[in-house]
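Produce the complete structure using the sequences and hints provided.
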Amino acid sequence: MSEPTSSLPIAVPQQARRRGFRLQRGDRLVVRILLAVVLSMLCAGALIVISGHDPIAAFIALGTGALGSPHQFGAALNRTTPYLLAGGGVAMCFRAGIINIGAEGQIAVGGMGTAAVALAWPSDLSVVATVVALLGGAAVGAVWAGLATAIHLGRRVHEVLATLLLNFVALLLVQQVLAGPLGEFGAGFLQSPLLPRATWLPRIPQFSAHIGFLVAIVAAGALSFTLWRTRFGFALRVAGNSRPAATYAGFSLPLLTWSVMLLAGALAGLAGGIEVLGLHRRLIEGFSLGFGFKAVTVALLGALEPLAIVPAALFVGLLEAGSLSMQRQIGVPSALVVVIEGMTMLFVLAATVRRL
Amino acid sequence: MTDFLAAAIRIATPLMLAALGGILSECAGVFAVGLEGMMLAGAFAAIIGAWLSGSDLIGVLFSMLGGAAIALAVAIVAVRYRADHMVTGLTANILALGLTSYLLRVAGGGRPIAIHLTPLDAWPIPGLADLPVLGPLLFMQPPLTYLALLGCVVLAIFLTRTQAGLTLRATGENPEAVFASGAEPLRVRMLAVLACGAIAGLGGAVLSLQQVGTFTDGMTGGRGYLVLAALIVGRWNPWGAAAACLVFGAAEAFELRLQSFGVPVGSYIVQMAPYLIALAVLAGLGRSSKLPAAIGRPIQTD
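Chains as they are written, first to last, in my numbering: chain A, 3 to 358; chain B, 16 to 317.
Incorrect hints may appear among the rest.
Using C-beta positions, here's what the derived DEER-type ranges look like [to be verified]:
{"hint": "1", "chain 1": "A", "residue 1": "Pro256", "chain 2": "B", "residue 2": "Leu67", "range": "52 to 58 Å"}
{"hint": "2", "chain 1": "B", "residue 1": "Arg272", "chain 2": "A", "residue 2": "Asp126", "range": "46 to 52 Å"}
{"hint": "3", "chain 1": "A", "residue 1": "Pro256", "chain 2": "B", "residue 2": "Thr17", "range": "45 to 51 Å"}
Going by beta-carbon spacing under 7 Å, a handful of chain A positions derived as facing chain B [stated by the list, open to error]:
{"hint": "4", "residue": "Ser53"}
{"hint": "5", "residue": "Ile101"}
{"hint": "6", "residue": "Leu174"}
{"hint": "7", "residue": "Leu338"}
{"hint": "8", "residue": "Leu348"}
{"hint": "9", "residue": "Ala352"}
In silico SDA-like cross-links for lysine to any residue, where the CA-CA straight-line distance does not exceed 20 Å [what the hints assert, rightly or not]:
{"hint": "10", "chain 1": "B", "residue 1": "Lys305", "chain 2": "A", "residue 2": "Gly156"}
{"hint": "11", "chain 1": "B", "residue 1": "Lys305", "chain 2": "A", "residue 2": "Arg157"}
{"hint": "12", "chain 1": "B", "residue 1": "Lys305", "chain 2": "B", "residue 2": "Glu188"}
If you are wondering where the hints come from, they were derived from the structure by calculation, not from laboratory data.
Ideal Cβ positions, reconstructed from N, Cα and C, are used throughout, including at glycine.
What follows is the structure, encoded as structure tokens:
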């Protein structure tokens, strides 16, 4: 394994190697990731047997539940969308060696921002209203990521702790807002009133998917271009490989951290906004529960490569969309999907992280 | 006031136990982000064990196994395969969340099985329990709370006064030196993580067996992450970490008080307190908190 820093005319202190997240590169990476997926599916099969059901029948029900009809496939694409958007942002952070676990909170406040703008914005012009509401969500998501960045850079708190703890604050903040100013009076549970029809995301005809998935695909393409074809992307990759090398090359680490965190926060906020405008059409308590980890899952499953995150996010989205049919038809609890995600991640981590 | 402090100690007990485990793991050089999952698996295993056997003691033993099972996954992936500690820990938490929810439903034949046990009673210690202030605080607590307090003493002695404890700390500071001295840093780290899981599992048993007598999905609710903050604030010292956990416990006890008095503060805002306190204290410490030198760094074996 070649150390990318060894050819530089500076000594790389031990300190530098402690940070950062590295994946093994090369053609065997894809094989290793696929192997991890297969292994986790085998484990899932064993767990289905434990529950007293037939694993083959369960997987068939899962597959038809996700792909059986255009309607079901559309629903799976809707599931995929937030993971794809937020996962892309997380991947950019990981590329730069910043372990941003804050997507969960950023998605939640992003949804809140979008709902607030959609409720307050008096426009009947559908496109304008939708775009402004989504931008509002992205902005709020970026602010939340910025808060974590300020704590991390300003006070040297590890970014994992700063982003993690802010997730809990964000979820409670959304609940508080739903219990107060944004809440629907007398609804019985925490949700906002239905948002104005003009702000809803259009749906693709004959297909229950909203256009958010297309937005997410475009975003993935843009991220891939940014990562591989721009100076900013190059700086991210250098910083992720070796911080001293990045400093030596004249890149400002704080500036890089700020920009990539704000980018990831905006993408997560956008994911929250799309979820609100496209799927629920109102802000609901806990609408983003678990999304933050899934963003990390798809980022790593996609080997931190924005375009490869598309199939990774589809994998997770299809699994989840199919799991409900599996539960209904066969009786295997849909929580199995969370186990599959965790297992896949463990295998991917064990198989692909670069040996230092 | 005594009531309030006694409640704070009771509420802080799961955090204190998890912190003891976390100290072992982090002093050996492995970030303990998986504490949340280890606690959750412990909470689940405790309830299942106690329900199957009808004995709380078996439940407590099961909780250690449950926590250690999650820790085993962390040890293999993060120590043996040298994956990133933070992400591995996080993954272990999700795995624990998924497995416990799944098995809870498998046990109930599709729906979450409803197990309701009597929460563990207080065990007043004869003689000492009648002391004026200290009695209700320290000697009229449920059994696992005594275990947590005792654990602080044992861990403090272990880390500073025994050969094994010194080797463990050296592994977190300079694993190469430990290797040169003839010990096996890889094995030290694996064992430390496993012990961390077993002890954090006990913390989970406190939540399920001692506090409520049942298990609900994700019942740890982020306590493992608070403990991570407590470790840093307490500088990886058992007493320091326990004190930090007590602050979080007090915050929660205070929150319960406020709610019972019907204070018109938004209840969700009040629930933010432990997380905000954790962030504020971490930010306040700033640069001055010093991690074990080799934490998060994989061990070169070849």
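Evaluated hints:
Remark: the range hint 52 to 58 Å for Pro256 (chain A) to Leu67 (chain B) is upheld by a beta-carbon distance near 55 Å. Distance hint for Arg272 (chain B) and Asp126 (chain A): a CB-CB separation of about 50 Å, consistent with the stated range 46 to 52 Å. Roughly 49 Å separates the CB atoms of Pro256 (chain A) and Thr17 (chain B), a value that falls within the hinted 45 to 51 Å. For Ser53 (chain A), the shortest C-beta to C-beta distance to chain B is roughly 4 Å, which falls under 7 Å, so the interface hint holds.
The interface hint given for Ile101 (chain A) holds, since its Cβ lies 5 Å from the closest Cβ of chain B, which is under the 7 Å cut-off. Look at Leu174 (chain A): its Cβ gets to within about 5 Å of chain B, closer than 7 Å, so that hint holds up. Hint status for Leu338 (chain A) relative to chain B: holds, with the closest Cβ pair at about 5 Å, below 7 Å. For the restraint placing Leu348 (chain A) at the interface with chain B, the shortest Cβ-Cβ distance is roughly 5 Å, inside the 7 Å limit, so the hint holds.
The beta carbon of Ala352 (chain A) is positioned within 7 Å of a beta carbon in chain B (closest approach about 4 Å), and the interface hint is therefore held. At roughly 16 Å between alpha-carbon atoms, Lys305 (chain B) and Gly156 (chain A) fall within 20 Å of each other, so this suggested pair holds. For the proposed pair Lys305 (chain B) and Arg157 (chain A), the alpha carbon gap of about 13 Å is at most 20 Å, so the pair holds. Using a Cα cut-off of 20 Å, the hinted pair Lys305 (chain B) and Glu188 (chain B) holds, with the two alpha carbons roughly 11 Å apart.
In summary, this structure violates none of the numbered hints.
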